[in-house]
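There are 2 protein chains.
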Amino acid sequence: MPDYLFVGKSIPRTIEADKVTGKAVYINDLRRPGMLYGKILYSTHAHARIKRIDASKARRLQGVRAVLTGRDIPDVRVGFLKDQTVLKKDVVRQFRDEVAAVAAITPEIAEEALSLIEVEYEPLPAVFDPIEAMKEGAPLVHETDARGRPVKSNILPLPWKFSVGDMEQARKEAAFVTKDHVSTTWVNQCCMGTSGCVAEFDQSNNLTLYSPTNVIFGHIGRISEYFSRIGLAGKKIRVVNPVVGGSFGTKLDTDIYEFIAIQLALNTRKPVKILFDREEEFRALPPRQPAVFTIEQGCDREGRLVFRHCEAVLDNGAYTSWGATTPSVMIMPMSSLYRVPNVYFKATCVYTNNIYAQAMRGYGNPQATFAVETSMDSLAEAAGIDPAEFRLINRNQPGDETPMNLKITSCGLEECIRAVKERLQWDEKKKARQKTRGLGMASLIHVAGGARVTKSDGHGIMVKLDEFGHVDVIESGTDQGQGSPTVISQIVAEALGVRPEDVFITFGDTALALWDAGTHASRHTFMAGNAALIACAKAKRQILDMAVDIIPKIVKLNFKRMKRKDPGFAEPDLDYGLIADPEDLDIRDRMIFPKKEPDHPYFRVPISDILRNGLHVGIGESRVVAAEAFYDPPTEMLNREMKGNLSMTYAFGTTGVEVEVDEETGDVRILNLVAAHDVGKAMNPTLLLGQIYGAGYTGVGYGLTEEIKVRNGRVMNPSFRDYQMLTAMDVVPIEPVIVEPDDKDGPYGAKGVGEPGLVPTAPAIANAVYDAIGVRIRDLPITPEKILTALKQKKGGMNV
Amino acid sequence: MPDYLFVGKSIPRTIEADKVTGKAVYINDLRRPGMLYGKILYSTHAHARIKRIDASKARRLQGVRAVLTGRDIPDVRVGFLKDQTVLKKDVVRQFRDEVAAVAAITPEIAEEALSLIEVEYEPLPAVFDPIEAMKEGAPLVHETDARGRPVKSNILPLPWKFSVGDMEQARKEAAFVTKDHVSTTWVNQCCMGTSGCVAEFDQSNNLTLYSPTNVIFGHIGRISEYFSRIGLAGKKIRVVNPVVGGSFGTKLDTDIYEFIAIQLALNTRKPVKILFDREEEFRALPPRQPAVFTIEQGCDREGRLVFRHCEAVLDNGAYTSWGATTPSVMIMPMSSLYRVPNVYFKATCVYTNNIYAQAMRGYGNPQATFAVETSMDSLAEAAGIDPAEFRLINRNQPGDETPMNLKITSCGLEECIRAVKERLQWDEKKKARQKTRGLGMASLIHVAGGARVTKSDGHGIMVKLDEFGHVDVIESGTDQGQGSPTVISQIVAEALGVRPEDVFITFGDTALALWDAGTHASRHTFMAGNAALIACAKAKRQILDMAVDIIPKIVKLNFKRMKRKDPGFAEPDLDYGLIADPEDLDIRDRMIFPKKEPDHPYFRVPISDILRNGLHVGIGESRVVAAEAFYDPPTEMLNREMKGNLSMTYAFGTTGVEVEVDEETGDVRILNLVAAHDVGKAMNPTLLLGQIYGAGYTGVGYGLTEEIKVRNGRVMNPSFRDYQMLTAMDVVPIEPVIVEPDDKDGPYGAKGVGEPGLVPTAPAIANAVYDAIGVRIRDLPITPEKILTALKQKKGGMNV
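Going down the list, the protein sequences come from chains E and P.
All residue numbers for the first sequence refer to numbering that gives the first Met the number 0, where the first residue is 0 and numbers rise by one.
All residue numbers for the second sequence refer to numbering that gives the first Met the number 0, where the first residue is 0 and numbers rise by one.
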């Protein structure tokens with residue numbers, strides 16, 4: 000085990016002090032000279048024709064600088080399938096449809112102006128259930144496609160199908176087969192910082208967008224495409240992150256409100272801020288989308304999976320954001336969680352007049368893993384095998400290549416399952432069952448070494464040192480609160496031989512940073528870490544090159560000084576061969592020294608001495624240390640068959656829970672939650688635990704309490720009073736287990752850890768509930784109502 | 000002559016639109032969360048002992064967050080000779096002495112708090128005239144030196160002495176000798192943006208200072224030294240420029256108000272802004288300092304200078320800022336303006352109880368050149384040679400090495416003098432003299448290729464391109480309004496083959512930029528330009544490397560497409576040898592093409608095609624373009640004899656004026672002012688003219704109207720009503736002449752041009768006034784009062 004000074008240590012977060020002292024500038028705090036405030040008028044119908052919009056009263060209101068409707072801006076389509084315009088002109092297809100927008104000198108005036116806009120609608124028949132929406136004769140959410148050609152169905156033209164092996168043969172070979180229908184619902188990402196942006200044009204129509212997006216360069220790509228259609232082709236777009244209060248997926252796509260801010264800024268020639276309130280955050284941001292799965296699995300007599308067959312239907316809502324692409328991620332657990340040779344997966348995304356969906360922590364993985372792990376439990380029971388044992392039999396192992404062609408390098412899944420078993424006293428408690436108490440577990444696989452979902456999965460970084468030994472890093476990633484700057488400062492400090500407090504990181508500004516694919520897919524530590532290692536190696540070499548030149552000069556100067564003080568001083572005979580070559584030297588904890596004699600009395604010098612002398616050595620020779628790196632790993636994009644090794648490595652983990660179910664009230668109490676995660680190497684255990692606890696809580700919420708209640712297309716609970724996110728009142732005892740197989744490709748062995756904690760939590764709870772009371776809730780969240788209903792049905796002899 | 004697309008073109012300034020539309024964030028506009036406002040209490044005596052300070056009432060005022068006196072902060076000395084503390088504890092030595100400071104939640108409360116601070120002084124004898132101050136028995140401004148040792152004199156321990164040749168022998172050889180006493184006074188830099196800063200600490204006591212300084216890294220050096228004495232050694236200091244409304248020298252040194260803001264921020268743990276009003280700008284900022292010269296010159300019968308002997312006394316005021324070092328620059332014109340083999344120059348800086356001085360456009364050069372060029376006219380007259388002819392005889396020439404060891408490479412001085420003669424119809428008008436009209440001229444030499452006044456004269460730059468062909472440059476210089484980003488965008492565009500509007504420059508932030516010696520000494524275009532050329536050459540090579548790989552792929556793809564459209568399409572036989580090597584290709588105006596066939600129908604492709612393909616070519620190969628450069632020219636620091644070639648090249652120029660003097664009123668009217676400047680290469684003629692006009696006007700003000708009236712240490716005219724800066728009402732007809740010898744070391748042949756225009760203007764006016772009315776005013780400014788007095792004396796037969 001290498002002797003690291005900073006990697007693996009729980010050093011405190013570097014930039015959080017600014018947050019707790021009020022110095023951090025969130026989008027809420029950001030002010031630009033002459034800035035206006037934008038507000039959006041939403042539809043009051045799930046599906047309707049706009050007959051008339053009269054904005055004249057709003058326009059006349061004092062302090063209003065612009066009122067825009069669909070007729071006032073170019074008729075350009077945006078979104079993943081280009082299926083909506085920024086403001087809706089003729090038809091609204093959901094309650095969150097943006098019908099008009101106002102910019103005014105205060106938010107209050109803008110709000111008042113909205114109330115003065117008169118919109119007359121002619122309601123149209125709507126459809127809210129994806130299964131209904133698939134049927135012939137269902138109201139069409141879109142009459143035409145992006146090119147204006149008429150369409151016949153609400154089914155989206157997307158290629159989400161995966162098939163490997165011989166399903167027919169596999170079914171024959173299976174000794175046990177089970178079939179489960181499972182479903183999940185809408186959940187909100189629940190960022191503490193609501194969404195917002197400031198759009199500002201310069202006089203040449205170059206745009207600066209202050210946006211909390213976690214994909215700053217992706218924003219440029221999308222806005223650039225929009226610009227090319229509104230006569231602004233070639234204009235520079237700069238995206239700058241304010242301090243961000245959480246993302247969890249909400250900030251992955253360029254949202255409509257951002258295009259609206261851009262249009263208002265263009266129209267008024269002033270910076271325009273749009274800031275969501277909590278209600279808008281619930282009503283007008285795309286959440287994690289619902290899915291229904293029909294999953295069948297079969298195994299042989301020894302419990303080895305022989306096939307997995309799953310069909311999914313996703314309620315896409317009225318338009319496409321990244322939600323429509325989550326099946327590409329579902330393929331990963333479907334094909335690769337546990338060894339399974341024959342796999343069929345098909346996902347159908349269906350337009351409805353509901354709110355539409357985009358990314359959330361784990362992308363489609365939590366939904367798909369809920370299906371897989373529910374089915375794993377069913378099948379284990381059918382095969383008469385302990386569910387933990389069943390998972391061990393089928394566990395992924397290092398060296399595997401999955402049906403999707405994922406190449407499993409490091410894999411701690413076995414240790415994770417065993418750790419969960421041990422911590423929960425699985426075998427003992429299974430034997431000595433207590434009524435209404437139960438155990439359940441579920442595992443996960445996730446990308447953890449980048450994710451080649453765009454053609455480049457690169458990450459750029461620039462490193463420079465000043466003459467005092469401070470390191471400035473310009474990093475292309477973003478920080479949504481996860482603490483990535485802290486981790487990067489540890490990596491840089493370790494790699495350069497300075498201390499983390501010497502490292503200062505600038506991030507989230509496209510004008511400063513090299514390109515990056517985005518802080519998503521749990522990729523930041525892995526990608527930025529590797530980029531940092533390359534840049535630091537270059538910079539370190541520059542420092543050592545200088546050191547070889549300068550150390551002898553410093554030594555001679557010191558001797559001169561000593562002689563001046565003490566004329567009798569005898570100059571020692573030094574072996575300059577110890578520092579003849581940069582390779583002879585190393586740097587650690589701010590000191591440069593010969594590798595062969597680290598404590599050499601003359602050759603051990605502070606790094607700042609070398610840097611200062613390097614800069615100020617004089618006369619046309621002064622040197623500074625600076626290096627950049629762009630790391631893009633040799634991974635593969637998914638091919639047409641949806642195969643490809645899209646990440647350098649994969650995260651594994653297992654969550655186990657013990658629950659107690661109150662059969663009177665239907666309440667589920669989590670007695671213990673063990674979250675065992677293969678993280679490669681824990682770079683900063685405290686931050687890592689932050690990710691595991693946070694994702695764990697969100698997973699519990701996903702399993703038990705969280706649900707955006709959408710009725711006839713309308714969000715019924717757009718507040719934290721009615722939307723039940725876990726709070727400090729709902730303490731769950733989470734016991735984390737860190738498994739460190741030390742990944743060969745990860746920076747200092749690290750893998751990505753941002754999303755995994757959430758993925759297996761809900762199915763583990765569902766499995767534990769079944770173990771406790773013998774009813775299996777296959778529809779998230781597992782509410783008391785559902786439990787009581789299921790218990791009633793069970794008692795009534797109904798099959799559940 | 001190379002065919003440049005952008006260099007040498009008057010493209011509009013890039014960032015000024017933000018200023019005229021109100022988007023620019025000056026220090027006035029800058030707000031930070033929780034920011035407090037600082038105000039300073041100044042001394043009410045020129046020299047006094049502080050007997051008592053009672054700040055208790057101020058501290059009790061609601062809204063006050065800190066009141067600091069000299070007793071509340073560490074007793075640490077700052078300034079060039081470490082001769083003052085940030086707040087004065089025991090003795091005040093000038094009216095601008097900072098006695099206390101307040102931070103409050105509004106500027107008004109801070110102001111009110113100042114009025115509540117009671118200070119009791121015991122007046123001490125003061126001295127206001129440097130000649131008086133040199134005398135034995137004069138009141139000592141400082142009783143001790145920086146180390147606390149008693150001193151005996153007000154004369155500063157500074158090494159400003161230069162001596163080359165044999166003065167005694169030279170005097171003997173001279174056929175004509177003249178001796179002149181000349182003097183100059185205080186002038187204010189008159190920035191339209193007054194001074195101010197915001198100091199902010201993070202929780203680890205790292206400092207961010209928003210400061211308009213033009214030497215951002217120099218600020219770090221000085222504050223870092225201060226930090227090491229107040230227990231903050233090793234803390235990171237980041238200096239960020241807001242948009243700056245002029246510097247002209249005021250922002251070269253770290254001013255006391257900046258240390259005060261730092262102390263207030265440290266004390267309150269909040270960001271603190273200090274912003275000067277116009278009165279403070281006059282009273283409490285160090286201006287250009289006064290000097291008195293006794294200058295003797297001698298020439299032989301042919302008019303060739305044989306010696307120059309000059310002694311100067313500078314009123315240093317009570318403390319040392321850069322004003323105390325201006326003699327190091329005075330040595331340049333003293334030794335090197337015109338060919339003169341024997342030179343003696345000595346400058347004595349003397350403490351007085353006046354305001355102290357620092358840098359201003361030209362540093363000591365305008366004062367020294369006023370002395371030299373007044374003497375040149377005297378001597379020409381004594382020798383009976385036309386003053387223009389006299390200057391031509393003694394002109395500097397390419398290839399010269401001056402007594403100071405300056406190596407003159409390009410030199411357009413002869414052309415400048417001849418151009419002035421021609422434009423002013425010098426010979427014709429000298430013959431056909433008109434009463435009260437006169438002609439005068441003066442020349443200059445100045446550093447124009449860097450100035451090695453610190454051990455590194457380096458300048459760092461970083462360049463990156465995005466996939467659309469936009470270039471982001473992180474530049475270590477600053478912009479005080481001169482338009483340097485525009486010039487750099489032209490150089491980068493020319494060097495990379497893009498357009499200036501594709502280039503976006505971030506500057507003035509030490510956390511982002513590589514080190515730079517500062518935007519001073521007219522060095523920015525030369526240094527940043529050369530750094531940019533190096534970085535762009537690297538980046539261009541990266542682009543062409545990609546192009547060699549990618550162009551064939553693009554061509555093949557195009558052929559495929561054509562075949563799909565037209566199956567009969569016959570693929571032409573292309574000579575791929577034309578694009579086999581990066582050296583075969585060039586870039587211009589956003590297009591990459593083979594040098595041998597620039598209009599090749601298939602091989603000519605947009606740069607953005609290559610960049611986009613380079614990034615998104617896929618699978619672990621994607622590339623971005625980024626390069627950095629640090630340019631430090633092979634120049635020399637001045638040695639102990641004050642010799643050394645401290646710049647890569649030198650600027651020359653001649654100003655000629657025709658004046659009409661009203662003998663009734665003493666008014667001097669400038670009929671024509673010809674400013675001929677050797678600029679190497681005019682990068683952007685419009686911006687260049689801005690420098691020449693601006694410096695010319697300031698020179699006229701220096702010659703005729705501007706003077707800070709200091710009486711017994713007190714500034715009597717601290718406003719633009721009483722301080723006579725030229726305004727739009729005082730239009731001077733300036734006729735610029737651009738001389739372009741195309742310097743071999745300058746970027747595209749350019750030299751520095753920021754300061755030169757000011758230097759020779761005042762002496763040219765003085766010489767013209769003498770030519771017009773026969774009286775020589777040797778004391779700037781040349782006011783009507785002085786002219787009338789001189790005329791009266793002349794009529795009275797007195798010698799003037």
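Misleading hints may appear alongside valid ones.
You can't tell identical chains apart in this list, so a pair holds if it fits in one copy or across any two.
[To be verified] Heads up, simulated DSSO-like pairs for lysine-lysine below, C-alpha to C-alpha not over 30 angstroms straight-line:
#1 LYS537 <-> LYS454
#2 LYS234 <-> LYS537
#3 LYS406 <-> LYS595
#4 LYS794 <-> LYS642
#5 LYS454 <-> LYS794
#6 LYS559 <-> LYS642
#7 LYS56 <-> LYS794
In short, the hints are calculated from the structure, not lab data.
Quick rundown of the hints versus the structure:
1. LYS537 <-> LYS454: This pair counts as both: shortest intra-copy Cα distance 26 angstroms, inter-copy 25 angstroms.
2. LYS234 <-> LYS537: Result: close only across copies, 25 angstroms inter versus 34 angstroms intra.
3. LYS406 <-> LYS595: Neither. Shortest intra-copy (40 angstroms) and inter-copy (48 angstroms) distances fail the 30 angstroms Cα cut-off.
4. LYS794 <-> LYS642: Neither way: LYS794 and LYS642 sit 46 angstroms apart in one copy and 104 angstroms across, limit 30 angstroms.
5. LYS454 <-> LYS794: neither (55 angstroms within a copy, 89 angstroms between copies)
6. LYS559 <-> LYS642: between (68 angstroms within a copy, 27 angstroms between copies)
7. LYS56 <-> LYS794: neither (62 angstroms within a copy, 80 angstroms between copies)
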